[in-house]
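Line by line, the protein sequences give chains A and B. Position 90, counted from 1, in the first sequence is what numbering that gives the first Met the number 0 calls 89; the numbers after and before it change by one each time, with no gaps. Position 116, counted from 1, in the second sequence is what numbering that gives the first Met the number 0 calls 115; the numbers after and before it change by one each time, with no gaps.
Read the hints as simulated data drawn from the structure, not as lab findings. Remember, predicted model here, so these are calculated numbers, not experimental data. A few of these clues could be false.
As the list claims (entries may be wrong) - Short, incomplete list of chain A residues facing chain B, as computed with Cβ under 7 angstroms: (1) D18; (2) N20; (3) A21; (4) A27; (5) D33; (6) S36; (7) H38; (8) A42.
Stated by the list, open to error - Label pairs and their computed distance ranges (CB to CB): (9) G109/B - R94/A: 22 to 32 angstroms; (10) N221/B - T43/A: 21 to 31 angstroms; (11) R225/B - G31/A: 35 to 45 angstroms; (12) P60/A - V195/B: 40 to 50 angstroms; (13) G227/B - T79/A: 44 to 54 angstroms; (14) Y48/B - G31/A: 22 to 32 angstroms.
Every residue gets a Cβ at the ideal spot worked out from N, C-alpha and C, and that includes glycine.
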Amino acid sequence: MEERIALMRDDPAVDLTVDGNAVGGLLAAIFGSDVTSSHGQCATCHTVSVVGTMRAYARGPGVILRCPACAEVVVRVVETPRGTYVDIRGAAYLRVPPAGEASG
Amino acid sequence: MGLEWQLATVTGVRDETPTVRSFTLALPAWDGHRPGQHVDIRLTAEDGYSVERSYSIASEPERGGEVDITVERIEGGEVSPFLHEVVVPGDRLEVRGPIGGYFVWEAALGGPLLLVAGGSGVVPLMAMARHRARAGSGVAARLLFSSRGPDEIIYADELDRLAAAGDGFDVVHTLTRHQPVGWTGFARRIDEQMLVDVLEPLGAGTRAYACGPTALVETVANGLVRLGLPPDRIRTERFGPTGT
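Model the full structure from these sequences, guided by the hints.
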């Protein structure tokens, strides 16, 4: 049983979570620059984390970013034929660095 | 910059293992990348249906105007079987990037450097290792690389060459399912004791980068914190189905 669980955890089809980093291209298309190094504060637990480290669920009808500390939804993005919906009510803020400056 | 889709031309294809293949993409408008970044690839069918996946860049930025990606074939995937079975040199693919400023190591950041990979999680770490070699960085660096068996070690020959260069880079393999006769290396999943052994010569000032399945990444990140590495010196990248 232990081995079976271990095998399942190794299977990318079961492992549905990736990092915010992996959806950086989609976010860049929305925000105009790469925000994976930017900081965001979770509106639920107030933890500040780097967008690239948020938990990303990218295999649904849209993309969900969850807080790495409390797992609440921070960002939702859904692309539709009429446009892209961006729901950031789960974020207290997103801090995007000045143009030309990479945050670390 | 770098956010527009552009048409890349496939200029090279080569097999790394029976299920892993590398592709060289020549990019007409490429500002260069940082080791650890990825690109998005978009495939569009004639009926307009399109699908995107992100793939880590395997090559070092010193190679201008082109990047290598390394793709594991995932059965039932929408993109990786196409890349493996259909794409040949001369084909063109839509590419966007480079993307990601977090999971990045450059020689200027210094070391010591610990890279921990599971399977195709080695790809962005290979960009770091290749960059380290090309940039002449002498920082001590180790790659702890978990593969299922000897035939599934991605970049096996090149890793041997990098480790033999004598410039402070070495590779520690663990083979979790099949070991060759006479194998004396690690033969289990990465665990905390293994991290103790691998980290010991590098010391507490190490910068660590871990990439692979979620379970491996979390074992490594949690283990390294318990061993005393500051969390802000540990960077992780989980690959899930967007890597397919």
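Do R225/B and G31/A keep their Cβ atoms within the hinted range of 35 to 45 angstroms? With Cβ atoms ~40 angstroms apart, the hint holds.
G31/A and Y48/B - C-beta distance against the hinted 22 to 32 angstroms: holds (27 angstroms)
So, as I understand it, the hint says D33/A touches chain B; can you test that by seeing if any CB pair is closer than 7 angstroms? Check passed: Cβ of D33/A comes within 6 angstroms of chain B, closer than 7 angstroms.
Hint check: is the beta carbon of S36/A less than 7 angstroms from a beta carbon of chain B? Hint on S36/A: holds, closest Cβ of chain B at ~4 angstroms, below 7 angstroms.
CB-CB spacing for T43/A and N221/B relative to the 21 to 31 angstroms hint: Hint holds: Cβ distance 23 angstroms, inside 21 to 31 angstroms.
Has the hinted range 22 to 32 angstroms been met by the Cβ atoms of G109/B and R94/A? holds (27 angstroms)
Under 7 angstroms, Cβ to Cβ, is where A21/A needs to be relative to chain B, so tell me if that hint holds or is violated. Given a least distance of 5 angstroms, the restraint on A21/A holds.
Beta-carbon spacing of G227/B to T79/A - inside the hinted bounds 44 to 54 angstroms or not: holds (48 angstroms)
Can we keep the H38/A interface hint, with Cβ of chain B closer than 7 angstroms? Status violated, d = 11 angstroms.
Was the hint right that A27/A lines chain B, CB cutoff 7 angstroms? holds (5 angstroms)
The hint names D18/A as touching chain B; please verify it with the least Cβ-Cβ distance against 7 angstroms. holds (5 angstroms)
Within 40 to 50 angstroms: is that where the Cβ-Cβ distance between P60/A and V195/B falls? holds (44 angstroms)
Hint compliance for this structure: hints 7 and 8 are broken, all remaining hints hold.
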